[in-house]
Amino acid sequence: PVLLQVDIWEKPIRLAEEDNTAPDPSGGQYWAVAAGIASYFLKRRGLDPLRSGCKVLDLSAGVGAVGIAAAQYGAKVTATDVPQVTDALKANFERNQVQGTVLPYVWGEDAAHLGGPFDFVFASELLH
Numbered sequence: 005p006v007l008l009q010v011d012i013w014e015k016p017i018r019l020a021e022e023d024n025t026a027p028d029p030s031g032g033q034y035w036a037v038a039a040g041i042a043s044y045f046l047k048r049r050g051l052d053p054l055r056s057g058c059k060v061l062d063l064s065a066g067v068g069a070v071g072i073a074a075a076q077y078g079a080k081v082t083a084t085d086v087p088q089v090t091d092a093l094k095a096n097f098e099r100n101q102v103q104g105t106v107l108p109y110v111w112g113e114d115a116a117h118l119g120g121p122f123d124f125v126f127a128s129e130l131l132h
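Residue numbers (my numbering): 5 to 132.
Note that these hints are calculated values from the structure, not bench results.
Here are the computed lysine-lysine pairs in the DSSO-like style, where the Cα-Cα straight-line distance is at most 27 Å:
#, residue 1, residue 2
1, K94, K59
2, K15, K59
3, K15, K80
4, K94, K15
5, K94, K80
6, K80, K59
Could you put the whole structure together from the sequences, leaning on the hints where they help?
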């Protein structure tokens, strides 16, 4: 894996990107739009909902930048991606010493196991 650090609203996040030779390598890569999405919610929406321990769903989380940022500010995060990505996603939560539930989820399948309802749903980098 390739290790990198990104800063999202003054807090560093350490991420490992995975092998980009897979048939669809997008899930294991850091996409810069993640910092924009997280910063928007953290700066423009105020931190109050995240500080209060709200429930956040990060759909197709990839390497987890958005969910990790939310967890750093106190949100209870459930991060999802396809099964091939969830081990690396979980490792990135652990690497940043934040709590989060990482679950496999494939679009179109039953989502009951994700544990909603959620206060916020982040959906970053869904279309390529």
